[in-house]
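Participant: The residues making up each chain are set out below.
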Amino acid sequence: MESKSKPRSQTKIKLWIDLAIFIAFLVTMDPHSSGIPIHEWLSIAMIAVVIVHLLLSWDWIAQVTRRFFGRVGGVSRINYVLNWLLFIDGILIMFSGILISEAVMPALGISLPPGFAWRRLHDMSANLFLLLLGLHTALHWSWIVNTFKRYIIEPIGRLFTKKQKDVTA
Amino acid sequence: MKTLGRILIILLATVLVGAALYFLVDANSSGADPSFDRPEGAEFRPQGERPQGDFPEGMRPERGGGERGAVGGRWMFGLVKNVGVIALLVAVIVIPKSLFKKKADPQVEDTNPQI
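Chains as they are written, first to last, in the working numbering: chain E, 1 to 169; chain W, 1001 to 1115.
Pulled out of the complex, with its shape left as it was, chain W reads as follows (with noise of 0.2 Å):
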């Protein structure tokens, strides 16, 4: 029953901030930077990608290896990309931190902080 009320808490905050940001947004949206809305006549699609079969002259992706390893290292340079961004922020934060305990106090172990 505690638990059943605290996923009812964490679903109205969702509503209740999703809602504000709806409301931000569209009031912020509706007129006031035309950049942000649709380009005339242009369908989106997601950076990079390209309806079937509409290839310039010459650039049509080779049928199974060249598409594959291309579509694999694309995929590898996301996640190492992302990867790389956490790594270093918690190097930025953590080996200066850890640093400045040692040298406020070289005896204290390293405590346990956690949410």
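Only chain E is shown next, with the shape it has when bound in the complex (with noise of 0.2 Å):
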């Protein structure tokens, strides 16, 4: 949970890096459409953004962490869990990503055995990730609603209210 004393400012980015992350993911998940060094280089570019993520949202993890035998609420547990199955099914897309990487593994001039058992491990894991970003954003969903409504659609809308004004004065 986030505390309430966490500055707007930190609120903001956070919205800006999710969004960031939400719409690289899905890029990625379609390496036909924007080919392979653009899936690649995009990918190893997220692990960046992912941990600022984690570092945004760091005393939720170490709260939890450190009750989660004790008092934490149920929600919370399975946002926790939930979280582990979503950061070890990231290090095993990036881990099989790696392992059989057409682009950037070339390019920094490493090149790996070819291994089929992980390009189906790195397609079943992708396919995973997704479900587990469905819930992760379900269970952000009126996180997600309020800090939208704060930081974008009321922004825009004093925007135009404010030309009205202009308008009509």
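If you're looking for bench data, these hints aren't it; they were derived computationally from the structure.
Some hints could be false.
[Said to hold, decoys possible] Derived lysine to any residue pairs resembling SDA-like cross-links, with alpha carbons at most 20 Å apart:
id	chain 1	residue 1	chain 2	residue 2
1	W	Lys-1102	E	Val-75
2	E	Lys-149	W	Ile-1095
3	E	Lys-12	E	Leu-82
4	E	Lys-12	E	Ile-153
5	W	Lys-1002	E	Val-49
6	W	Lys-1102	E	His-140
7	W	Lys-1002	E	Val-64
8	W	Lys-1101	E	Ser-76
9	W	Lys-1101	E	Asn-146
10	E	Lys-149	W	Lys-1081
11	E	Lys-12	E	Phe-148
12	W	Lys-1101	W	Ala-1091
13	W	Lys-1097	E	Lys-12
14	W	Lys-1081	W	Lys-1097
15	W	Lys-1102	W	Val-1090
16	W	Lys-1097	E	Leu-82
17	E	Lys-12	E	Ile-23
18	W	Lys-1101	E	Lys-165
19	W	Lys-1101	E	Trp-141
20	E	Lys-149	E	Lys-162
21	W	Lys-1097	E	Lys-165
22	E	Lys-149	E	Leu-15
23	W	Lys-1081	E	Asn-146
24	E	Lys-165	E	Asn-146
25	W	Lys-1097	W	Val-1085
26	W	Lys-1101	E	Thr-137
27	W	Lys-1081	E	Gly-35
28	W	Lys-1081	E	Leu-56
29	E	Lys-149	E	Thr-11
30	E	Lys-149	W	Val-1085
31	E	Lys-12	E	Thr-28
Owing to the predicted nature of the structure, the values given are computational and were not obtained by experimental measurement.
Dock chain one against chain two, each of which comes alone in its own frame, and use the hints as you go.
Facilitator: What follows is the structure, given as structure tokens:
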């Protein structure tokens, strides 16, 4: 859970980071359309963004880790387990992706033997990730809606009302 | 300094989980399931992709509009499918949850759970 003392700017940053991750995920989920180089380089870039996402949620992670077997709400516990599954599956996608890389590794001068088990695992873990991401999104839906309203819909609405006032003045 | 420590913890967890997965998969895939290995003589290509010039007679895609349209359509399909799966999961969880909440206490406003 997000503490109430968390500065507004941090929530705003988190919203943009999460939006970026979501859009990048959608692009990387369809390598046939984006092309293998974009798929691979964008996935590598996503590692840094996901680290920022984890750092911004660090207080919650530390809090629930400490109290997991103690007094933690049911939703938080489900959320925590789901987040670990996402983390493990994300690593599996990255790891298998690196092992079957056709663009990034050759560009770095590293050649790896073809691993068809890894390729199938890469596909399966990506499909699982889609389901886990859906559950993750559902569990945070009210935060997404509220933050979207506060930082995107309301500022746009204010912009229009301000323009209207300027016209009528 | 605190942030650097946290980044190191994330990277350490990543390495540990990655190593565990590697050994787990390597131990399971070595000789267990032949269908998991490379098919003899077949070069891997992502689904729907063909090597250049390798089209059955009369099936070669048109240059220009036709090919671009097909790629655009496929891109849209993939995007809609993935967003659809996520939207479906959100609807399946969020709608019953909000209905249950309203039924339990119609006065209570939706809270703001967040990671």
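Participant: All the hints need checking, so say for each whether the structure fits it.
Facilitator: Each hint tested on the structure:
no. : hint                    : verdict
1   : W/Lys-1102 x E/Val-75   : holds (18 Å)
2   : E/Lys-149 x W/Ile-1095  : holds (19 Å)
3   : E/Lys-12 x E/Leu-82     : violated (24 Å)
4   : E/Lys-12 x E/Ile-153    : holds (13 Å)
5   : W/Lys-1002 x E/Val-49   : holds (18 Å)
6   : W/Lys-1102 x E/His-140  : holds (18 Å)
7   : W/Lys-1002 x E/Val-64   : holds (19 Å)
8   : W/Lys-1101 x E/Ser-76   : holds (17 Å)
9   : W/Lys-1101 x E/Asn-146  : holds (17 Å)
10  : E/Lys-149 x W/Lys-1081  : violated (26 Å)
11  : E/Lys-12 x E/Phe-148    : holds (9 Å)
12  : W/Lys-1101 x W/Ala-1091 : holds (15 Å)
13  : W/Lys-1097 x E/Lys-12   : violated (26 Å)
14  : W/Lys-1081 x W/Lys-1097 : violated (24 Å)
15  : W/Lys-1102 x W/Val-1090 : holds (18 Å)
16  : W/Lys-1097 x E/Leu-82   : holds (18 Å)
17  : E/Lys-12 x E/Ile-23     : holds (17 Å)
18  : W/Lys-1101 x E/Lys-165  : violated (40 Å)
19  : W/Lys-1101 x E/Trp-141  : holds (14 Å)
20  : E/Lys-149 x E/Lys-162   : holds (18 Å)
21  : W/Lys-1097 x E/Lys-165  : violated (40 Å)
22  : E/Lys-149 x E/Leu-15    : holds (11 Å)
23  : W/Lys-1081 x E/Asn-146  : violated (26 Å)
24  : E/Lys-165 x E/Asn-146   : violated (26 Å)
25  : W/Lys-1097 x W/Val-1085 : holds (18 Å)
26  : W/Lys-1101 x E/Thr-137  : holds (19 Å)
27  : W/Lys-1081 x E/Gly-35   : holds (18 Å)
28  : W/Lys-1081 x E/Leu-56   : violated (30 Å)
29  : E/Lys-149 x E/Thr-11    : holds (12 Å)
30  : E/Lys-149 x W/Val-1085  : violated (23 Å)
31  : E/Lys-12 x E/Thr-28     : violated (24 Å)
The structure shown violates the earlier hints numbered 3, 10, 13, 14, 18, 21, 23, 24, 28, 30 and 31.
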